[in-house]
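Student: Take a look at the letters that make up each chain.
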Amino acid sequence: MPAAELTDLADLGLDDGGHLLVARALARIAPGERVTVSGRHPALRVHLAAWCREHGHRLADADEQADAGAQAGAGAHALVVVKGSAGDRRWLGAVRAGDAGGAPEERAEQTWGLAARGALVEAGGPPIGAPWSQREHVWADIAPRLYAAAAASQWDPATAVDWAAPLGAVPEEVEHAVVQIMTYLVENEQAALIIPARLLSQLHPHYREVMQLLATQAADEARHVEVFTRRALLSGGPLGTSSAGGRASLQTLLAEPDFTTASFLLSVLGEGTFVDLLRFIHDHAPDQVTADVTRLAVRDEARHVAFGVAHTAHLAASDRSYLGTLRTSVERRHATLLDTAGLNAEVFDSLVLLAAGSWSPEAIRRGWQQVRDLQERMDEGRRRRLAYIGFPDDEAAELSALHTRNFM
Amino acid sequence: MAVLLGAVAYDSKVVTIWDGFRAWLRSSGLDFDYVLYSNYERQVRDLVDGRIDVAWNSPLAWVRARRLAAFRGVSLTPVTMRDTDCDLSSVIVVRSDSPITSVRDLAGRVVATGAVDSPQATLLPLSLLRSAGLVPGADVAVRRFDVGVGLHGDHVGGERDAARALFAAGAADRVDAACMIDSNLLLFGREGVLPAGSVRVLAQTPVYDHCTMTAGPSAAASAADSDGKAASAAAGDNSDISRFAALLRGMDYADADLRPLLDLEGLKEWRPPRLSGYEQLERAVDEAGFYDENGEITAAGYRP
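Here the protein sequences come in this chain order: A and B. One point on numbering: in the working numbering, the residue at position 276 of the first sequence is 276, and numbering is uninterrupted. To convert a position in the second sequence, counted from 1, into the working numbering, add 1000.
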């Protein structure tokens, strides 16, 4: 049988990359067909025999080799390789892991494992064991755009904040109030970092935009932890307090097993409320650093809220009964926290003092009222987001009222 | 009746391979188990003594088993071999710039080999020297690299050390030629032990066959027990061994569960056995006095 292809390796050896040329020629033919490999490397015959054996091909029988060899020039080999079927058989059960350019699949197969979306996946290998592998449980159409925005908005804590700016000329207790609030923010941001990181570890990577978004979310929170810590330490004193009730409230978020309810409680209700809180601190910031760190954090948190709202709304729109699950998650958290103090009283008092700016009774009255206004804005915001997701107004109001006193 | 296989644990992957094959064979309805040996000599004895039904034998283990069985008047039956066991060859290589251009030029020189019991890197290449009229140890100094003695050369370490000795820094450590199987010449080239262009193939053995799955006399006896027929029934007639052979040969490289195991074991398919490729090794064993004609170990200082 005549060889269909001729591949000349010149003086290239199979120990020096020559197998790539042979494999390329073999890829173009069917099992059972032949390629003539010519070359001047002295060990070509030895190498080629060993390589063929290892890869399921074979050198043709002696007669056929003799015919080919006769056509090779002086000092050259010409060897006929018969293609085996193993290479093709390896890919018999292979499937595409969805479409790289299109939307992710409704269901991501565990057997796709860590393969890139759209890759041709060889059958076999360990299943990834990702609990979140259905689109409706993790997806939002806005995720790719939010990820792009997040990637474009990453900021450097070292340069985005003017750490050399002087602290405000405020009473010492107001500075203490700022330190207490920062201490509380760090605690909350740490919870907000761990939750997306946990969800990330359970998410099927087929939903890569959600994976990327959660990764940027965790990175955002890492920066927030840094800048709030740094601001707290700026005046040289010790950090403030951490209340048992506050920590209990946050820890209920860590225990939430479901992707969507975790995202709902953290982002829609918690971080949404936090956006109002950070704006409040920003508006009453006694110094540039406090204003800068809260401004930067608000921008990030707004993206987290946008994904939480979009994802939850996406799921609720496809399955109205899911609103019941969300409602239950709020009620369950409320019941768990019923016997705890909720917000650290010192945090609440610090917010009043921050808004007041001084200890004069009139200033305190004003500060108190401003914190009450803040709580109302927080409640309105939650009701608005709950209504967007699909809750009737009365139910939205009821659920917003059940939200933790700890804000997050 | 079950099939009990013996295999030599030349590498920890042997456990993965046979655990995997065992699960697959059992799921295919064959009552199968395996035991591991630290060396081929004990495995061969146990095969011929009937303690195991089938042995995954090196070519040298096949030669010894055949001699032992013939001496005792019991039968052995080759069952299957890998596609990669067919038509191998060994080579003797020298440095590219070496003045040595023929096997005869090795007279008075130092040749590095693998372990004492390596068919491919010791016994067969030394036989090649003899066929050129050189007596190893007398006309040619042999520097043996005894890594994994008892594993019949399955451990690549001895061959790699022999290859490295071609380029040893100290003149006293440097050898003039090194012996290895063809696939390791390619491997050592690709992993940089023998950089491209650094060596020249001086001589090559004719092709030979490598490992063979061998059924022992216990399989035939068990067949007799269960069938009530004469104990002389050939193992090849034994239904479980036949089924074992058929299942192995039916292993499909397209099967995603089997493919990683086949890759580890280094084959694409199991083939019908053939015994045509062992004459060279039989001759090499006799020349070296490695085993006697009854299969007893006669190699000096060989203690697996």
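Treat the hints with care, as some may be off.
Sample of chain A residues at the chain B side, in silico, Cβ under 7 Å [stated by the list, open to error]:
{"id": "1", "residue": "10"}
{"id": "2", "residue": "11"}
{"id": "3", "residue": "13"}
{"id": "4", "residue": "15"}
{"id": "5", "residue": "46"}
{"id": "6", "residue": "47"}
{"id": "7", "residue": "53"}
{"id": "8", "residue": "86"}
{"id": "9", "residue": "89"}
{"id": "10", "residue": "92"}
{"id": "11", "residue": "93"}
{"id": "12", "residue": "94"}
{"id": "13", "residue": "124"}
{"id": "14", "residue": "126"}
{"id": "15", "residue": "127"}
These are calculated hints, taken from the structure and not from any lab test. Keep in mind the model is a prediction, meaning the values are calculated, not measured. From the three backbone atoms N, C-alpha and C, an ideal C-beta is built for every residue, glycine too.
Student: Under 7 Å is the threshold here; is the Cβ of residue 89/A close enough to any Cβ of chain B for the hint to stand?
Tutor: OK, holds: residue 89/A within 7 Å of chain B, min 4 Å.
Student: Quick check on residue 46/A please, does its C-beta sit within 7 Å of some C-beta on chain B?
Tutor: holds, 5 Å
Student: Interface hint check: residue 86/A, Cβ to nearest Cβ on chain B, cutoff 7 Å. Holds or violated?
Tutor: Status holds, d = 4 Å.
Student: Restraint: residue 124/A near chain B, CB-CB cut 7 Å. Satisfied or not?
Tutor: holds, 3 Å
Student: Please check whether residue 92/A passes as an interface residue: C-beta within 7 Å of a C-beta belonging to chain B.
Tutor: holds, 4 Å
Student: Should the hint that residue 126/A touches chain B count as held when the rule is a Cβ pair under 7 Å?
Tutor: violated, 10 Å
Student: Verify the interface restraint on residue 11/A: the C-beta must sit less than 7 Å from at least one C-beta of chain B.
Tutor: Violated - the Cβ of residue 11/A stays beyond 7 Å from chain B, reaching only about 9 Å at its closest.
Student: Against chain B, with CB atoms and a cut of 7 Å, does the hint on residue 13/A hold up?
Tutor: With a minimum Cβ separation of about 5 Å from chain B (threshold 7 Å), the hint on residue 13/A holds.
Student: Identify whether the interface hint at residue 127/A stands, where standing means a beta carbon of chain B within less than 7 Å of its own.
Tutor: At about 12 Å, which exceeds the 7 Å cut-off, the nearest Cβ of chain B leaves the hint on residue 127/A violated.
Student: Restraint: residue 94/A near chain B, CB-CB cut 7 Å. Satisfied or not?
Tutor: violated, 9 Å
Student: Min Cβ distance, residue 15/A to chain B: is it shorter than 7 Å?
Tutor: holds, 3 Å
Student: Take the shortest C-beta to C-beta distance between residue 93/A and chain B; is it under 7 Å?
Tutor: Since the shortest Cβ distance to chain B is 6 Å, the answer is holds.
Hint violations for this structure: numbers 1, 2, 12, 14 and 15, all remaining hints satisfied.
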